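Trainee: Single-letter residue listing:
Protein chains: 2
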Amino acid sequence: MRQLLRQRMRKTLPRDFVSRLRSVVGDAYAIDDEETLLRHARDETPNLTPSLPDVVVRPGSVDEVQAVMRLCAKDGVYVTPRGAGSGKAGGCVAVYGGVVLVLDRLNRIRVIDRDDQVAHVEPGVILQTFQEAVEAEGMFYPPDPASLSWCTLGGNVACNAGGPRALKYGVTGHYVLGVEAVLPTGERIKTGRQTTKGVAGYDVTSLLTGSEGTLAILTDITLKLLPAPRFVQTALAVFPSTEPAVKAVSAMLAGGVLPRTLEFMDKDSIEAVRVMNPPYRFPAYAGAALIIETDGDSEAGTLEALERCLQVTTEHGAVDAFLATDARQRRDIWASRRLLSEATRKIKKKKVSEDIVVPRSRIPEMVARTTQLGDKHRLSTCSFGHAGDGNLHTQVLFDDDDELPRVEALLDDLFGVVLALGGTITGEHGVGLSKKKYLPLELGADMLALQRRLKDAFDPAGILNPGKFLPDKLALHAAKADAAGR
Amino acid sequence: MRQLLRQRMRKTLPRDFVSRLRSVVGDAYAIDDEETLLRHARDETPNLTPSLPDVVVRPGSVDEVQAVMRLCAKDGVYVTPRGAGSGKAGGCVAVYGGVVLVLDRLNRIRVIDRDDQVAHVEPGVILQTFQEAVEAEGMFYPPDPASLSWCTLGGNVACNAGGPRALKYGVTGHYVLGVEAVLPTGERIKTGRQTTKGVAGYDVTSLLTGSEGTLAILTDITLKLLPAPRFVQTALAVFPSTEPAVKAVSAMLAGGVLPRTLEFMDKDSIEAVRVMNPPYRFPAYAGAALIIETDGDSEAGTLEALERCLQVTTEHGAVDAFLATDARQRRDIWASRRLLSEATRKIKKKKVSEDIVVPRSRIPEMVARTTQLGDKHRLSTCSFGHAGDGNLHTQVLFDDDDELPRVEALLDDLFGVVLALGGTITGEHGVGLSKKKYLPLELGADMLALQRRLKDAFDPAGILNPGKFLPDKLALHAAKADAAGR
Numbered sequence: 000m001r002q003l004l005r006q007r008m009r010k011t012l013p014r015d016f017v018s019r020l021r022s023v024v025g026d027a028y029a030i031d032d033e034e035t036l037l038r039h040a041r042d043e044t045p046n047l048t049p050s051l052p053d054v055v056v057r058p059g060s061v062d063e064v065q066a067v068m069r070l071c072a073k074d075g076v077y078v079t080p081r082g083a084g085s086g087k088a089g090g091c092v093a094v095y096g097g098v099v100l101v102l103d104r105l106n107r108i109r110v111i112d113r114d115d116q117v118a119h120v121e122p123g124v125i126l127q128t129f130q131e132a133v134e135a136e137g138m139f140y141p142p143d144p145a146s147l148s149w150c151t152l153g154g155n156v157a158c159n160a161g162g163p164r165a166l167k168y169g170v171t172g173h174y175v176l177g178v179e180a181v182l183p184t185g186e187r188i189k190t191g192r193q194t195t196k197g198v199a200g201y202d203v204t205s206l207l208t209g210s211e212g213t214l215a216i217l218t219d220i221t222l223k224l225l226p227a228p229r230f231v232q233t234a235l236a237v238f239p240s241t242e243p244a245v246k247a248v249s250a251m252l253a254g255g256v257l258p259r260t261l262e263f264m265d266k267d268s269i270e271a272v273r274v275m276n277p278p279y280r281f282p283a284y285a286g287a288a289l290i291i292e293t294d295g296d297s298e299a300g301t302l303e304a305l306e307r308c309l310q311v312t313t314e315h316g317a318v319d320a321f322l323a324t325d326a327r328q329r330r331d332i333w334a335s336r337r338l339l340s341e342a343t344r345k346i347k348k349k350k351v352s353e354d355i356v357v358p359r360s361r362i363p364e365m366v367a368r369t370t371q372l373g374d375k376h377r378l379s380t381c382s383f384g385h386a387g388d389g390n391l392h393t394q395v396l397f398d399d400d401d402e403l404p405r406v407e408a409l410l411d412d413l414f415g416v417v418l419a420l421g422g423t424i425t426g427e428h429g430v431g432l433s434k435k436k437y438l439p440l441e442l443g444a445d446m447l448a449l450q451r452r453l454k455d456a457f458d459p460a461g462i463l464n465p466g467k468f469l470p471d472k473l474a475l476h477a478a479k480a481d482a483a484g485r
Numbered sequence: 000m001r002q003l004l005r006q007r008m009r010k011t012l013p014r015d016f017v018s019r020l021r022s023v024v025g026d027a028y029a030i031d032d033e034e035t036l037l038r039h040a041r042d043e044t045p046n047l048t049p050s051l052p053d054v055v056v057r058p059g060s061v062d063e064v065q066a067v068m069r070l071c072a073k074d075g076v077y078v079t080p081r082g083a084g085s086g087k088a089g090g091c092v093a094v095y096g097g098v099v100l101v102l103d104r105l106n107r108i109r110v111i112d113r114d115d116q117v118a119h120v121e122p123g124v125i126l127q128t129f130q131e132a133v134e135a136e137g138m139f140y141p142p143d144p145a146s147l148s149w150c151t152l153g154g155n156v157a158c159n160a161g162g163p164r165a166l167k168y169g170v171t172g173h174y175v176l177g178v179e180a181v182l183p184t185g186e187r188i189k190t191g192r193q194t195t196k197g198v199a200g201y202d203v204t205s206l207l208t209g210s211e212g213t214l215a216i217l218t219d220i221t222l223k224l225l226p227a228p229r230f231v232q233t234a235l236a237v238f239p240s241t242e243p244a245v246k247a248v249s250a251m252l253a254g255g256v257l258p259r260t261l262e263f264m265d266k267d268s269i270e271a272v273r274v275m276n277p278p279y280r281f282p283a284y285a286g287a288a289l290i291i292e293t294d295g296d297s298e299a300g301t302l303e304a305l306e307r308c309l310q311v312t313t314e315h316g317a318v319d320a321f322l323a324t325d326a327r328q329r330r331d332i333w334a335s336r337r338l339l340s341e342a343t344r345k346i347k348k349k350k351v352s353e354d355i356v357v358p359r360s361r362i363p364e365m366v367a368r369t370t371q372l373g374d375k376h377r378l379s380t381c382s383f384g385h386a387g388d389g390n391l392h393t394q395v396l397f398d399d400d401d402e403l404p405r406v407e408a409l410l411d412d413l414f415g416v417v418l419a420l421g422g423t424i425t426g427e428h429g430v431g432l433s434k435k436k437y438l439p440l441e442l443g444a445d446m447l448a449l450q451r452r453l454k455d456a457f458d459p460a461g462i463l464n465p466g467k468f469l470p471d472k473l474a475l476h477a478a479k480a481d482a483a484g485r
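Quick note, the sequences are listed as chains A and B, same order. Residue numbers for the first sequence follow numbering that gives the first Met the number 0, so the first one is 0 and each next one is one higher. Residue numbers for the second sequence follow numbering that gives the first Met the number 0, so the first one is 0 and each next one is one higher.
For chains that are exact copies, the list does not tell them apart, and a pair is met inside one copy or across any two.
Simulated pairs of lysine-lysine, DSSO-like, Cα-Cα distance not exceeding 27 Å: (1) 167 / 223; (2) 189 / 73; (3) 189 / 435; (4) 246 / 266; (5) 375 / 435; (6) 223 / 246; (7) 189 / 436; (8) 167 / 189.
Derived from the structure by calculation, the hints contain no laboratory data. All values reported here derive from a predicted model rather than from experimental measurement.
Modelling step: build the complete structure from the supplied sequences, incorporating the hints.
Mentor: Printed below as a string of structure tokens:
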């Protein structure tokens, strides 16, 4: 049925369209050879049906972005913006074909300003490249999604990316002061400001942040920077089970300490990592673990805060604790967390990786219910993630595509539990294609209708990143036409 | 001309409308006696022409808010929501009459949750009442606008209120996880979530935050809380002039310390306060002052950070410094800042108080240009505010209303300088009526048009808080009709 809809929605590009694109961006940057199209047919979303664009366009300037957008707007050609393709929800996949607009050539760090602690960047800058440039100036840009070595800042803003440090420092949206963008109708707008404060007009910056490329194409981003914290301390604590670990998390925060990171691994995650011989040897009876990291501008203060955290873990029944005393031990601790992705692949060939969020205090129930759902649907699961935020990366593992219907059934149950516990279906990956089905459950009909009206305020013709997120306007028309034709 | 437009836009309430309102909220809560109308004809904006509503309605529940909104939507009656009336831009003034909807009876703190560090509150809760309740649970809610003893949380969200602690902790918007609201069309929506993370759908929460009551009526707010910082240290440093003070601010932040507060007073502000005999006696040669406050979870760390700040001030030529060693001395330091408002009233009978923002490094230029503009327009000025954010509360002082044209001329120049320096016209007060004229200068035509479309997505009939912020739809019609009739 999805396949049918996709075919129905596909349109042939207008005559000479690719040559018109080439006259804007140059022959080398409007590409329609099969190999390039294939490379742009998917992102990092597991089990996603690839979808070929008609042409991949790589503009080299804002003017070119605008010119391309105007060409597409004039002829009603779909445009799907794309950064590095590191997304995990299919947000940059051109489900109905058309143009995939890759922003990788807009990759200049225009300004890093120490006095005002702001940066101006183009959307194609790689996050890690940016962080290194910022750190070289003695400053700090906290967002740290797992794909930081290759994801782009434009994609980070489009998806409002998070990461472990979000507990203390917030997600990408907390650092976006303003953007420049090209609207689907071809106008260029400038939102927000260069200063951290400002309330002039509606907050369009926040509306674009996390809009997954459905409202506008980002061409420039102003980011807030922080003073670099001068000291970081890391520890790992092991618990007999999930419940005391989560209670310890709440107790630490209630006790007045705000670690920059509170990463959680459940029993199944620890078992998976154990097979990989991690540098830190988990004790045999480990039923849950926390990685705790504090930072600050005082060495004594940072260590004192971490020691208070470890004391709380002991009071809550931690059975082992390990405080890193040097950089190597810190890396060893993080290695156990970083091995997880590879570790789950050793258990089963395939997986889906969700990023559900529940109120922190409901993590034990969520983890227990996830294990129960695994049993019910005869699938392996494990849960790990950002305990301080209640953001769990729930993994469902399987070997063969014929298990997918059971995986889908498990996910239907899982999202039901998430919403019943007061949570949200996605903490940092986004809705895209893979959670589109569940969005109405979270938002409700009136809110969906409002969001549809917001989309229309930016994109009345519905040509920007169609098929994502919300019930698609053109898809609705097509479905209606289908129904009428029958 | 404004007066004419207001008269043109006023409509007589439909027959029996007030009695229909009374049947919804009870006779005592739909009030149209002159004294009540007069009390709701203005807010704290200086020099604002009062505007009488036709009726003041104080609903006692969300159901009543919705019922009132539906009555108004049905008959096209204007609705202007209002909290405590502490706003400084005229945002809650019913310029075209109609209903003023006061949310003061929705004043329950529904939940303060220690484990998840969130609170659920109704919009009419007084900020200080809330902060005290949160602190009693060992937690912390940072936003601290000057009106904290009487402003409401609903108003804080509607205006995205700030305060001195915003430097480290951000403004109100950083704490709003989600809201419940009634749309101008009568539907109830729920935005956001109970968790700190979440990216399901467009960020309508942020769009409502700072929308100044023009998009929806807030009926419930979910706020993020923080662990209470356990230690606070306060100091005051005096400089010979503005420039070294501001350079010291940049140097502190670049040096890796993030104080929670960095308040600035210029020479004219110090002179004004000196007359009031403040507990801290400013030296005769004081040309600028900074109040610096650090906080954290370690006593040693907090003190160390403040001492590093003071060292930086010394390196930048501070001529005096005073580190508070107890609560009384801390109060003494803050008294000099708090006396400012009264102090300026001693100099001249009247004032306008702006809240411009410029990039931090441009403060010296902004302060100097403000003094020059005062000379040019023969008016007294002074500048103080939140130096860390670049947010200056520029005061223009005068004695008599016949000086107002010169005040307006000065402000026209002032906002021109602000925008030329890369700043914004309002950091925390909002646009409302008093900065409506300047908003197009900051946003530009395409952005204004987009914001108008966003307004329409919420309020197609244009009945919620008309006349504010954006060129008004109905006002535009009226103006067109006027032009056509001529």
